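S.K.: Build the full structure now, drawing on both the sequences and the hints.
Here the protein sequences come in this chain order: A and B.
892 is the number of the first residue of the first sequence in the working numbering; add one for each residue after it.
21 is the number of the first residue of the second sequence in the working numbering; add one for each residue after it.
Rather than coming from a laboratory, the hints here were simulated on the basis of the structure.
Note that the structure is a prediction, hence the values are computed from the model and not measured.
It is possible that some hints are incorrect.
[As the list claims (entries may be wrong)] Partial pick of chain B residues on the chain A-facing surface, computed with a CB cut under 7 Å:
1) 47
2) 48
3) 51
4) 52
5) 55
6) 57
7) 59
8) 62
9) 101
10) 343
11) 344
[What the hints assert, rightly or not] Calculated lysine-lysine pairs in the DSSO-like style (CA-CA distance at most 30 Å, straight line):
12) B/379 <-> A/1385
13) B/206 <-> A/1385
14) A/976 <-> B/206
15) B/28 <-> A/976
16) A/1385 <-> B/238
17) A/1385 <-> B/43
18) B/43 <-> B/78
19) A/1279 <-> A/1202
20) B/78 <-> B/206
Note that beta-carbon positions come from the ideal geometry of N, C-alpha and C, so glycine has one too.
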Amino acid sequence: MARAALAVTEELMRIGVYFCRVGVETSGGANLESVGHYTANLPQVESVRSLGLLPRIDPEAIADEIVADELDRIVIAGDSPGFFKPAFTRAMSLAGREPDEVRLASFREHGVSGDGATERAKAIAACAVYGVPFTLAAQPHDAKWTSATLVIGGGISGIQAALEIADGGKKVYLVERTGTIGGHMAMFDKTFPTLDCAACILTPKMVAVGQHPMIEMLTYSEVESISGLPGSFRVTVLRHARRVDEDACVACNICSDVCPVRVPSEFDAGIAERKAIYIPFPQAVPNAYLVDEASCTYVQTNGKKCGVCAKKCPKECIDLDARGDVQQLDVGSVIVATGYDVLDASRLERYGYGVQPNVLTALEFERLTNASGPTGGRIVTKSLRHNKRKKIDEWVFDAEGESPRSVAIIHCVGSRDTNYNAYCSRVCCMYSLKFAHLVREKLPDAACYEFYIDMRAFGKGYEAFFERIREEGTFIVRGRTASVTDHDGQMVVKGEDMLSDHVVEFPVDMVLLAVGLVPADRSDELARMLGIPRDEYGWFTEADYNGDPTGTERGGVYVAGVCQGPKDIPDTVAQASAVAARALEGAMTGRGLQSLASLSLSDIEARAKSLVPAP
Amino acid sequence: MAIRANPKLIEELEPYGAEDVMKCYHCGNCSAVCPFSADPYVFPRKPMRYLQMGLEEKLQDQLDPWLCYYCGECSDQCPRDAEPGETMMSLRRWLTARYDWTGISRLFYRSWRWELGAILLVAVLTAIAFTLFGLSQGSLASYDGPNAFLPSSSIHIFDWALAMVLLAFLLSNAARMWWFTMGRDKTLPTSVGSYVRSLWMLPAHFLTQARYGQCERKGPWLTHLALMLSYLTMLVLIMFFLADMAGGPGIDWRVHVFGYLATAGLVISTILFLRNRARKSAPQYRHSHESDWIFLVLILVVALTGILQHILHRSGLDVAANVTYVVHLSLVVPMLALEVPFSKWSHLAYRPLGIYLAKVRATALARSREGDEAAQRGAEPAAPLRAA
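M.R.: Shown next as structure tokens:
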């Protein structure tokens, strides 16, 4: 075989290029016609053919073309062209050519999207024609590196990355939008599949971040702008006015006690209330209160009313007139770990969220079943209470409320659905099973139904967890639920149980919606600011799906956790550690690679040519 | 008994309009939102599965497609854009072709050129035949009376002869439908009694299309009902009162009232359907098979030439009236002879028959299940507390 390969390189190779499409969307907006013309003009390219959308490839017909054009090498160009490779390999072998001489020009995989999509696609095609791996030819230039790192987002991903870099001895700035680090994981009751207490894993890490000499936390802050080049970014951080002195506050709670304003608590996913001056949760880091300016009477009336908290504070650390501030940071690398939001369940009207009081989203249930939640972890249905202040009856959780006799858990709410999110949110199957366990554990007499499409128990120990939940007596129904309706005060869940071939209606007292994950609010702004692309659903795009899952198009900017695509806690932590190693590389050596975008088509083409093995 | 799968079945269904079947990943949403899906006929997911698996024989035995009215709720909510409603529609076309022993239906559904060509051929032959017949025994200048070009007595005989031929085709196809769905299954404990007891459903569903009315949106049902009742009224008038319609200026006012109502119904409902299909205004109008267009246009032009003929006759323009009459007949004959037994019109028989047979079958299944139902329930992992 080695001899055969040598034989073809010795004389001038004749190359055929085939364009294939797997999706209606053309390769991130690249002008494929222009790429085709460019490819046709490359030396040694004999023929360029377009096979269109999802072609049914007949190896024999291709083999005839190979023989007719006397082709020695074939390049398949398109998004995920490996999909078509077997047919072409067969065609090469049928034509009596070297079957290994099928090269892929993988547009999507090498980040063809956005403004430079067409140029990038040309470069990828050129590399494939020359038979040189794109990642080898497209090596960005070297640059000097500032050792400090900026981490955007203080969830488990940002915390893990920050800790590892700081433990490596390098400076980290951790910017967090809310008043505390911890993110979504702090809200969770248990983790799957181990059923560990989520807070027991997270809070020690949060405290470590708060105390680490190499980490500077900037909570209640947002990245406003970013300039400079990889290795020497200049970041402007907007520090919102916390109105409470972080260092002086001892979290005595007197201010909250006297505050007259009540608004839904973000940390409790809206199922409990907080005051306008509040601490997100007792274990918050930094362990200090903050003022929510949107609901504070003093701030909203420009100091004309209220202000009682400032008067009562024994430490005199509340300054209701404080203004926000701007801080400049010089960093070499930026780690994006902005996480996710959950889908707005009221968009799926047929599940009655927002109409039926006892239809809850996953996050709401996490808080309900959490021992630190509003009911002390008791799973109860909402009770009707009269709100004297607003003079209306409203449904609220009450620790003394009635327990549900039956609970339905609906999977894939807004996920794997072309009307909402076409992708799988990856965590819902397992957290739904966890919910089933918690329901059965706390309410052994309650019936629990899981409605699923496919059970995605893909991780280590997940299948065993699924088996365990089944044995615990949860009814697992294969079939997505069509609707949640009210029949004379009784909620009824309707779906097809396809394994028993019936349409079934279960009367239930509580419905849990396994809502999917969506990119965090204002990810688009951040992506523009950082110059990194997002995929069709809004998740940040990694540089190379297989080879570089933490890097991005932009040198020195890395992604970790769910902001790159839905993933569970173990995967998030693993990716955060990986990204820390990437950031440390520049911080330790003082040098690193520039953006891929700094390379022009001719740069890549020239380097690819120079890398062609000599005959 | 093993079931033989036909891996090319989906490809075979494509000309009938099924395009996105492979997209289905079986979440069951469609079956659960369908207002008609209930034990023992749970659809459209199950037929989608049979299609994906290529279970041709099993599909041929299904009555489910005839229970679907294509309200489009399933297609609207489908998370995969797999168009389950359109799949059910194309299955009805495919079943029609299966029931038809002549193979003409299959030819028409698979190629609109054949359907249109056959219609034109029959139209031309009809026109020639009636012209020759008219000239041989009457005068073109005379519409009615003793020397009439096309005397109603002769047309009357022709109508009944054609009706008998159509009935023979339709009945033999309906018998095949019964054989596939009921007769062939020897394990099905049907009784003559259950056939008789449910017999009322045939005329009831034929005349009211009551099930269609259970769809959430009532518009399509009303338009459909108007079209069917208008057609039926016209059929009754032609088959029994043709002489009254053709007779001179003194037409019986009752014939007049019914005739005008039926004509208006035909014109308005076909125009509404054509408009909806052109605008793709609802899920069930998003996909139109060629046979849908041919059918609607054919009815519309039949109605319009009928109106024109009537106006010309009433205006005393007998020559023009006779020419229009020939044109009208040359459209009516292919509509009846080709559309009723072999194309879209045939569902006027299969639909009520399907509902009726489904009822008989459900009764029989319930009886055969009675014995072991308790045991079966115990074995199911998720015992339904309330089965819909």
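S.K.: For each hint, tell me whether it holds in the structure or not.
M.R.: So, going through the hints one by one against the coordinates:
{"no.": "1", "hint": "47", "result": "holds, 4 Å"}
{"no.": "2", "hint": "48", "result": "holds, 3 Å"}
{"no.": "3", "hint": "51", "result": "holds, 4 Å"}
{"no.": "4", "hint": "52", "result": "holds, 3 Å"}
{"no.": "5", "hint": "55", "result": "violated, 11 Å"}
{"no.": "6", "hint": "57", "result": "holds, 6 Å"}
{"no.": "7", "hint": "59", "result": "holds, 6 Å"}
{"no.": "8", "hint": "62", "result": "holds, 6 Å"}
{"no.": "9", "hint": "101", "result": "holds, 5 Å"}
{"no.": "10", "hint": "343", "result": "violated, 51 Å"}
{"no.": "11", "hint": "344", "result": "violated, 50 Å"}
{"no.": "12", "hint": "B/379 <-> A/1385", "result": "holds, 23 Å"}
{"no.": "13", "hint": "B/206 <-> A/1385", "result": "violated, 34 Å"}
{"no.": "14", "hint": "A/976 <-> B/206", "result": "violated, 50 Å"}
{"no.": "15", "hint": "B/28 <-> A/976", "result": "holds, 24 Å"}
{"no.": "16", "hint": "A/1385 <-> B/238", "result": "holds, 23 Å"}
{"no.": "17", "hint": "A/1385 <-> B/43", "result": "holds, 23 Å"}
{"no.": "18", "hint": "B/43 <-> B/78", "result": "holds, 21 Å"}
{"no.": "19", "hint": "A/1279 <-> A/1202", "result": "holds, 27 Å"}
{"no.": "20", "hint": "B/78 <-> B/206", "result": "holds, 15 Å"}
The structure fails to meet hints 5, 10, 11, 13, 14 from the earlier list, while all remaining hints are met.
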